[in-house]
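When you get a sec, could you build the whole thing from the sequences and use the hints?
Listed below, chain by chain, are the residues.
Protein chains: 2
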Amino acid sequence: MKLSIDFKKNNGLVPAIVQDYKTGDIYMIGYMTEQALKKTIEIGLVYFWSRSRQKLWMKGENSGNKLKVKEIYSDCDKDSILVKVELIGNNICHTGNKTCFFNELGKEI
Amino acid sequence: MKLSIDFKKNNGLVPAIVQDYKTGDIYMIGYMTEQALKKTIEIGLVYFWSRSRQKLWMKGENSGNKLKVKEIYSDCDKDSILVKVELIGNNICHTGNKTCFFNELGKEI
Chain W
1 MKLSIDFKKN NGLVPAIVQD YKTGDIYMIG YMTEQALKKT IEIGLVYFWS
51 RSRQKLWMKG ENSGNKLKVK EIYSDCDKDS ILVKVELIGN NICHTGNKTC
101 FFNELGKEI
Chain G
1 MKLSIDFKKN NGLVPAIVQD YKTGDIYMIG YMTEQALKKT IEIGLVYFWS
51 RSRQKLWMKG ENSGNKLKVK EIYSDCDKDS ILVKVELIGN NICHTGNKTC
101 FFNELGKEI
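Chains W and G, in that order, are what the protein sequence lines are.
Number 109 marks the last residue of the first sequence (our numbering); no jumps.
Number 109 marks the last residue of the second sequence (our numbering); no jumps.
Derived by calculation from the structure, the hints in this document are not laboratory data.
Please note that a few of the clues may not be correct.
Pairs involving identical chains hold if they fit within one copy or between any two copies, as the list cannot separate such chains.
Said to hold, decoys possible - The calculated DSS-like cross-link candidates involving lysine-lysine, where the alpha carbons are at most 30 angstroms apart (straight line), are: (1) K8 / K55; (2) K78 / K22; (3) K55 / K9; (4) K107 / K38; (5) K68 / K22; (6) K8 / K98; (7) K78 / K107; (8) K70 / K22.
Written as structure tokens, this is what we have:
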């Protein structure tokens, strides 16, 4: 499959927004290399590139909370991705919250 | 207002996801500097840092399609932002599409 994504713009990485395919909730943002995106499409579960550990990883490989791919979109500039997913598990965030975006600005917890 | 966002991690920029506060639709992703985020909070309309033009800009300053801020969230790592907005205008994308994420992978138009 040819992927018309511009990986050159940001040193081989594109941001990937993860959204619940039913509720529309935003779960997290991660970064994908071309390899991560291809693996995500091939396996049907979300893979990212870890900038801190400098390696490919499957979301949920340790926690068990995986992301099953429903649809994938690119934006007009082909430099970011939106993945609509079904959450297999209970939560996304390592803090135990369902979403990583649980801090409202000015009301941080 | 003190902003507990980690701007150092990515050369002063954080990705900001723009989501419709009612429908949950993802409109676009942009990048904010600390100045852009402060201006967004102060004015109540979304400002970004343009990486290509190397300047601050208000979304809609030319097109008229502005983004009125409803809520702002940061993620667990404090290195990305989710802005829930009301679209003032008809569309977000410079292509004329309502959202920038109109290309489904494998079905590009």
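| said: When Cα atoms must be at most 30 angstroms apart, do K78 and K22 count as within-copy, between-copy, both, or neither? | reply: both (24 angstroms within a copy, 26 angstroms between copies)
| Alpha-carbon proximity context of K8 and K55, limit 30 angstroms | Both, since 18 angstroms and 21 angstroms are each at most 30 angstroms.
| task | Classify it for me, K68 with K22: is the Cα-Cα distance of at most 30 angstroms met within a copy, between copies, both or neither? | result | both (12 angstroms within a copy, 25 angstroms between copies)
| field | Identical-chain pair category, K8 with K98, by Cα at 30 angstroms | value | between (32 angstroms within a copy, 26 angstroms between copies)
| What label fits K70 with K22 when the C-alpha limit is 30 angstroms: within, between, both, or neither? | both (10 angstroms within a copy, 22 angstroms between copies)
| field | Within, between, both or neither, where K78 and K107 count as close if Cα-Cα is 30 angstroms or less | value | between (34 angstroms within a copy, 13 angstroms between copies)
| Status of K9 relative to K55 across identical chains (alpha carbons, at most 30 angstroms) | both (20 angstroms within a copy, 18 angstroms between copies)
| Within a copy, between copies, both or neither: where do K107 and K38 come within 30 angstroms Cα-Cα? | Intra 38 angstroms, inter 16 angstroms, cutoff 30 angstroms: inter-copy only.
Every hint, counting from the list given before, is met by this structure.
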